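Participant: Protein chains in written order, with the numbering used here: chain A, 1 to 224; chain B, 225 to 653.
Any given hint could turn out to be false.
Claimed, not checked - Simulated coverage check for chain B against chain A, where a stretch passes if three residues somewhere in it have a Cβ under 8 Å from a Cβ of chain A: (1) 259 to 268; (2) 443 to 449; (3) 478 to 484.
The hints are simulated quantities; they were obtained by calculation from the structure and are not laboratory data. What you are looking at is a predicted structure, and each value in this text was computed from that prediction instead of being measured. The beta-carbon is built from N, C-alpha and C at its ideal position, and this holds for glycine as well.
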Amino acid sequence: MRLLLVEDDSMIGVSIRKGLRDEGYTVDWVQDGRAAEVAIETEPYALVLLDLGLPHKDGLAVLASLRARHRRVPVLVITARDAVPDRIKGLDLGADDYLVKPFDLDELAARIRAVLRRHEGRAEPLLAFGGLILDPATHSLKQRGRDVPVSAREFALLAALLERPGTTLSRAQLEERLYGWGEEVASNSIEVHVHNLRKKLGEGAIRTVRGVGYSIAHEDEASA
Amino acid sequence: MSIRKNLFVALLSALLLVGLAASAATYIAARNEANELFDYQLRQMALSLRDQTLQSQNEIFPEFDYDFIVQVWDSAGTRVYLSDQNIALPQSGLGFDTVPVNGEDWRTFTMSNGVKVIQVAQPMGLRRDRAAAIALRILAPLLASIPLFALLIWLLVGRGLRPLADIARALGTRAPSSLEPLSEEGLPGEIQPMVAQLNGLLDRLAEAIETQKQFTADAAHELRSPLTALQLQVQLVERARSTEDRHDALEQLKTGIRRASRLVEQLLTMARLDPAVVQARSIIELDELAASVAADFETLAAAKRVGLRLGRIGPARVDGVPQALRTLLGNLVDNAIRYTPEGGKVTLDAYAEDGRAIFSVTDAGPGIPIEERQRVFDRFYRLPGSDPQGSGLGLAIVRRIAESHRAEIELGEGEAGRGLRVIVRFPAS
Chain A
1 MRLLLVEDDS
11 MIGVSIRKGL
21 RDEGYTVDWV
31 QDGRAAEVAI
41 ETEPYALVLL
51 DLGLPHKDGL
61 AVLASLRARH
71 RRVPVLVITA
81 RDAVPDRIKG
91 LDLGADDYLV
101 KPFDLDELAA
111 RIRAVLRRHE
121 GRAEPLLAFG
131 GLILDPATHS
141 LKQRGRDVPV
151 SAREFALLAA
161 LLERPGTTLS
171 RAQLEERLYG
181 WGEEVASNSI
191 EVHVHNLRKK
201 LGEGAIRTVR
211 GVGYSIAHED
221 EASA
Chain B
225 MSIRKNLFVA
235 LLSALLLVGL
245 AASAATYIAA
255 RNEANELFDY
265 QLRQMALSLR
275 DQTLQSQNEI
285 FPEFDYDFIV
295 QVWDSAGTRV
305 YLSDQNIALP
315 QSGLGFDTVP
325 VNGEDWRTFT
335 MSNGVKVIQV
345 AQPMGLRRDR
355 AAAIALRILA
365 PLLASIPLFA
375 LLIWLLVGRG
385 LRPLADIARA
395 LGTRAPSSLE
405 PLSEEGLPGE
415 IQPMVAQLNG
425 LLDRLAEAIE
435 TQKQFTADAA
445 HELRSPLTAL
455 QLQVQLVERA
465 RSTEDRHDAL
475 EQLKTGIRRA
485 SRLVEQLLTM
495 ARLDPAVVQA
505 RSIIELDELA
515 ASVAADFETL
525 AAAKRVGLRL
535 GRIGPARVDG
545 VPQALRTLLG
555 NLVDNAIRYT
565 PEGGKVTLDA
575 YAEDGRAIFS
585 VTDAGPGIPI
595 EERQRVFDRF
605 YRLPGSDPQG
615 SGLGLAIVRR
625 IAESHRAEIE
635 LGEGEAGRGL
645 RVIVRFPAS
């Protein structure tokens with residue numbers, strides 16, 4: 001999952017980025033409102049963590065213009081503005097959640113999962129399809145009840161494919177979702193990950209759609 | 225001490241004094257009137273006796289009022305009649321006279337009809353008694369009304385002072401935190417100025433409290449980010465799995481704590497700069513202070529490999545608060561060092577020009593764009609891209625201290641149009 005972190009305070013930014021990377025997310029980090037707008041327009045993010053007190057353009061203004069342009073990306077506001085009117089304003093302008101500083105890193109991660117869950121239309125916290133069960137909270141993967149150890153990237157790839165099961169994602173799309181700025185992506189990285197996953201889950205677990213990309217196989221196909 | 229009692233005692237005393245004077249005057253007037261009346265009576269009596277004596281040779285005298293004494297002498301000077309055997313008055317000259325007899329004063333009227341000399345006399349004590357009786361009769365009602373007056377004074381003074389009691393009650397029944405002004409409508413002219421001043425005081429107090437509240441709220445808000453960073457950094461320490469990770473996380477945590485501490489110190493400095501607090505002033509040699517501050521920052525500058533030096537230095541005097549001025553100079557030098565890259569220079573000047581002491585700090589940092597120069601002095605304002613360790617209060621504190629010394633601050637460029645120069649000009653002494 002690729003996230004955009006918009007936070008002007010360096011120490012907070014460094015800490016959140018490290019904490020979320022440890023959780024297996026890919027995190028891009030900008031420190032002002034204008035840069036945030038540019039990033040959101042150019043890259044596909046699964047979620048935006050938005051601080052409000054930003055230089056060049058205030059967080060709420062960024063949020064408002066985002067929603068005005070019908071960008072549906074989920075936004076979790078993180079801010080020191082804790083007054084109730086501020087919270088109401090943030091939520092009504094289109095934020096999916098509002099977290100007040102100082103906050104717990106674990107709570108932040110849980111709320112991110114909750115927002116993503118709702119955005120994907122799932123009620124259950126677990127991602128399930130084709131005999132596979134992914135738990136984003138613990139980064140664990142089970143295939144037909146059996147634990148399967150996977151790396152952070154592998155987990156992220158599976159999670160991306162399971163966002164809308166059956167949809168095909170191209171290599172480029174997968175790269176965009178998995179790798180942030182400044183991360184080296186070898187041209188065959190995705191292929192390598194898919195290959196490793198097939199080794200662990202079975203060849204049929206991930207389907208190649210020629211000329212298009214990859215998708216999660218249906219249950220009956222997977223067991224083949 | 226009570227205004228009411230004082231007024232009551234004073235007015236009552238005045239009333240009694242006036243009453244006393246009036247009584248004395250009335251008594252004297254009454255006595256004079258009585259004297260005239262009695263003298264007239266004496267004369268009339270003598271005249272009627274003379275006529276009687278002329279008409280009848282029988283020497284039969286009618287009954288006399290025992291107040292009067294009548295004596296008759298013949299032409300040879302022999303007393304031929306005395307109405308009261310116990311009292312014999314010497315023959316006085318014709319007309320009115322007053323003679324003391326046996327310690328008592330007698331008023332006499334003597335007249336002659338050519339054959340005999342008649343003298344009618346009356347004790348003076350009698351007249352005084354009559355006069356007193358008259359005076360008393362006149363004054364009695366007035367004197368009787370003095371207690372009524374006393375009561376009236378007491379009540380009226382109390383009523384007159386009631387606005388004061390009303391104000392006290394109004395202040396006493398309001399909520400403890402209320403600083404609303406008192407109503408000045410319908411107040412007596414003597415109390416109105418006092419209430420107006422009181423309202424002015426309440427106003428200033430409310431303003432001061434508001435400023436304090438605002439500052440506290442701002443400070444609490446500003447502390448959130450550093451505290452958030454600390455919380456996150458601690459959690460990362462907890463999660464660190466390798467020694468190296470833990471070491472990195474702890475380093476981050478230490479930086480975070482340093483930042484939070486610095487912010488708290490700046491906040492305390494800011495709070496202590498309350499304009500209501502009067503601090504001790506003295507004459508300070510600005511050039512010496514500049515040199516001393518430069519020495520304080522030697523280590524920091526050396527650690528950053530920034531060259532810190534004194535530029536134009538000359539004798540300059542300022543009348544001010546030593547510690548505050550040290551903070552002002554220190555904050556400017558601190559900023560300069562912070563924003564100057566390695567190898568750069570920071571220059572301090574302290575000199576006098578046109579009778580004004582001037583201090584300036586020049587650095588080789590990124591400077592401040594013209595459009596930001598007004599805002600940088602705002603509390604907690606930080607330039608985009610500024611040092612994350614900054615508190616945003618440094619320049620706000622500098623401005624506050626400059627204001628309390630009536631000094632002007634100017635922002636300009638450093639050498640070759642780059643960097644920042646901050647000039648502080650103190651007023652001419």
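Participant: I'd like to know which numbered hints this structure contradicts. Please list them from smallest to largest.
Facilitator: Hint 1 contradicted; others consistent.
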